[in-house]
Amino acid sequence: MERIDDMLERLKGQMPVVPDADALTDSIMAAIEETEERKPVTVPMWLSVIRTVSSVAAVVLMLLYVQLESETTFQEENTETAYLEIVSEECKDCSPAERYNMRIEKMRLMNRRKVLKEKYYANSDF
Amino acid sequence: MQAIDSEIIRRLKGGDKAAFRFVVESCQQMVYSLSVKMLADTEEARDAVQDTFIKVWQNIAGYDERYSLTTWIYTIATRICLDRLKSFSGRMQTTDDAEVFERIADDPDPERRLLASEWVSVIKVMASELSEKQRLVFTLSQLEDLDTAEIMEITGLDADQIKSNLYAAKKNIRERLIKMGYGKDR
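Going down the list, the protein sequences come from chains A and B.
For the first sequence, the residue numbers in numbering that gives the first Met the number 0 are 0 to 125.
For the second sequence, the residue numbers in numbering that gives the first Met the number 0 are 0 to 185.
Hints may contain errors.
[Claimed, not checked] Partner residues are not named here, just some residues of chain B that face chain A (Cβ under 8 Å, in silico):
hint	residue
1	R20
2	F21
3	E24
4	S25
5	Q28
6	Y31
7	S32
8	L113
9	Q141
10	D144
11	T147
12	R173
13	L176
14	K178
15	M179
[Unchecked claim] With a cut-off of at most 25 Å between alpha-carbon atoms, the simulated SDA-like pairs for lysine to any residue come out as follows:
hint	chain 1	residue 1	chain 2	residue 2
16	A	K11	B	K16
17	A	K116	A	E97
18	A	K11	B	E152
19	A	K11	B	R102
20	A	K11	B	E24
21	B	K162	B	S130
22	B	K16	B	D46
23	B	K12	B	F87
24	A	K118	A	L62
25	B	K54	A	S26
26	B	K178	A	R9
27	B	K123	A	I3
28	B	K54	A	V16
29	B	K132	A	M6
30	A	K11	B	E64
31	B	K54	B	K178
32	A	K11	B	K178
33	B	K178	B	A158
34	B	K16	A	K116
35	B	K178	A	D5
36	B	K178	A	R2
37	B	K162	B	L81
38	B	K132	B	E24
39	B	K132	A	A30
40	B	K169	A	E1
It is worth saying that the hints were derived from the structure and are not from the lab.
All C-beta atoms, glycine included, are put in the ideal place defined by N, C-alpha and C.
Just chain B, same shape as in the assembly (with noise of 0.2 Å):
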């Protein structure tokens, strides 16, 4: 993700729609990701980024530049997300999850870079039972790979809270996979 700098930020915050343009063009790919790993769905992750980018122009007064522009967007994309799961209710797994699920799992190289579609299926398998703090917190800290300090700055969340949702997240997961068949090296 490229840097966005405090001019850049300044010509966003002035109306400028050129700058406005760089910052998507930047940072949709992040809000893409969250939003396909809160979502479980593709077009519904699409429409949450769209949200999140009319969210941040129509905001974009309000931004506090103490705070890293990135994380004022998860902020808004985790409020979007956590929106739209209230209403969205079509993330059933199906046996075709279950069997990407084990071909990614199966998958010699580690290194291949998942579909967004297998993203899906990975997340439906994994995260369905979780409850929508515990999805939060393990997909920002789990599989965005974010540190406790910046999950504590977008979810509002105190450390402790962050990580008994991670525990207890990671716990869930590991005994549905346990269920699945996963607990033991093929």
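So that you can see chain A by itself, here it is in the shape it has in the complex (with noise of 0.2 Å):
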């Protein structure tokens, strides 16, 4: 056991050297410099702000217009709609010739209102 407890004494405390110390510090400085370059560019506080609430104001501009743009549809939808039951309705009695005269007016206004549409669409920045 003495043997032992010799060796492990005689280990205390002692360090190996370092083999060729001066290049392993360049090498350190040299791995610090490769770092720094790396580094990613910091971003001013303030210009991270404007970052964040430009992208928040898009966002919302962005649900707005397609909320508008749900609700003109459904609108479009229902007037359609009500014409083509108020039609029904009024011609309850009519004459096949009325009929066929108020479908063709009913057409000619749905396509009016395509074509103004697509002016609309075609003028605008969308």
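The task is to assemble the complex, starting from two chains supplied on their own in separate frames and drawing on the hints.
Structure follows, in structure tokens:
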């Protein structure tokens, strides 16, 4: 047992010498330079705040647009359905010729609306 | 090891590379010693030293000056070595290691400083069957000769855990060396 204790005592506090210590120091300094170069550019606080606010505003505007679009389509669909109902209500006692004329009038109006809608979208930025 | 005064630490925190170089030159021997003893591989140890100082440079702003800089560096080095131990599996003992160990054990000059490669063989022979915690405590306490308070700061273990891990490590090493025939005086 003494031999083992002697061995442990002998190793106590001994330090293995760094082979080529200067080269190791230089490689550490070079590694630091390298990590410095790769460091991402830090964005100023005010810029990141503006970026966040404008992102939120963009999302809100998009949502508003989608909501308005869906409301418009719904209204148009409603108008068309109501018109058809009126036509069929009014034409209960109509002659076939009158019904034909009303249907033609309805189609004309619908086409007109379609043309106006296309023109609107062509002139707008969307 | 040269003392690192508060002026150097202040400059280091300000990003002064000359101050950092001074710290590297002062402490790399200490980190290399710990790494060789923990990893039992000279190349892995060099890489661990490099990783340690990169971490020191990157995290110097978070260094609490109430504690010693060397203890803080030791803590970083210890974590890096433990991480490397998990992935590195090239520490199998060879017959050469046993021969080197025998030569050192029989060396009549007890003052002779061991080379890094000799340390690798000694560690492989003695500590290859220790658990990570036992190895860490044995290295810091027995081989690096640090006091318990410092080991507690570095490892986060309490005094009882340090004592029990050191006892288990020494017991394991003794049994291993007795099996190899080192139990009696020759």
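Hints, one by one, checked against the model:
no.: 1; hint: R20; verdict: holds, 6 Å
no.: 2; hint: F21; verdict: violated, 10 Å
no.: 3; hint: E24; verdict: holds, 6 Å
no.: 4; hint: S25; verdict: violated, 10 Å
no.: 5; hint: Q28; verdict: holds, 6 Å
no.: 6; hint: Y31; verdict: holds, 5 Å
no.: 7; hint: S32; verdict: holds, 4 Å
no.: 8; hint: L113; verdict: holds, 6 Å
no.: 9; hint: Q141; verdict: holds, 6 Å
no.: 10; hint: D144; verdict: holds, 4 Å
no.: 11; hint: T147; verdict: violated, 15 Å
no.: 12; hint: R173; verdict: holds, 6 Å
no.: 13; hint: L176; verdict: holds, 5 Å
no.: 14; hint: K178; verdict: violated, 12 Å
no.: 15; hint: M179; verdict: violated, 10 Å
no.: 16; hint: A/K11 to B/K16; verdict: violated, 34 Å
no.: 17; hint: A/K116 to A/E97; verdict: violated, 28 Å
no.: 18; hint: A/K11 to B/E152; verdict: holds, 20 Å
no.: 19; hint: A/K11 to B/R102; verdict: holds, 18 Å
no.: 20; hint: A/K11 to B/E24; verdict: holds, 23 Å
no.: 21; hint: B/K162 to B/S130; verdict: holds, 15 Å
no.: 22; hint: B/K16 to B/D46; verdict: holds, 20 Å
no.: 23; hint: B/K12 to B/F87; verdict: violated, 33 Å
no.: 24; hint: A/K118 to A/L62; verdict: holds, 24 Å
no.: 25; hint: B/K54 to A/S26; verdict: holds, 14 Å
no.: 26; hint: B/K178 to A/R9; verdict: holds, 21 Å
no.: 27; hint: B/K123 to A/I3; verdict: holds, 15 Å
no.: 28; hint: B/K54 to A/V16; verdict: holds, 22 Å
no.: 29; hint: B/K132 to A/M6; verdict: holds, 22 Å
no.: 30; hint: A/K11 to B/E64; verdict: violated, 29 Å
no.: 31; hint: B/K54 to B/K178; verdict: violated, 41 Å
no.: 32; hint: A/K11 to B/K178; verdict: holds, 23 Å
no.: 33; hint: B/K178 to B/A158; verdict: violated, 30 Å
no.: 34; hint: B/K16 to A/K116; verdict: violated, 68 Å
no.: 35; hint: B/K178 to A/D5; verdict: holds, 17 Å
no.: 36; hint: B/K178 to A/R2; verdict: holds, 13 Å
no.: 37; hint: B/K162 to B/L81; verdict: holds, 20 Å
no.: 38; hint: B/K132 to B/E24; verdict: violated, 29 Å
no.: 39; hint: B/K132 to A/A30; verdict: violated, 30 Å
no.: 40; hint: B/K169 to A/E1; verdict: holds, 13 Å
Taken one by one, the earlier hints fail for this structure at numbers 2, 4, 11, 14, 15, 16, 17, 23, 30, 31, 33, 34, 38 and 39, listed in ascending order.
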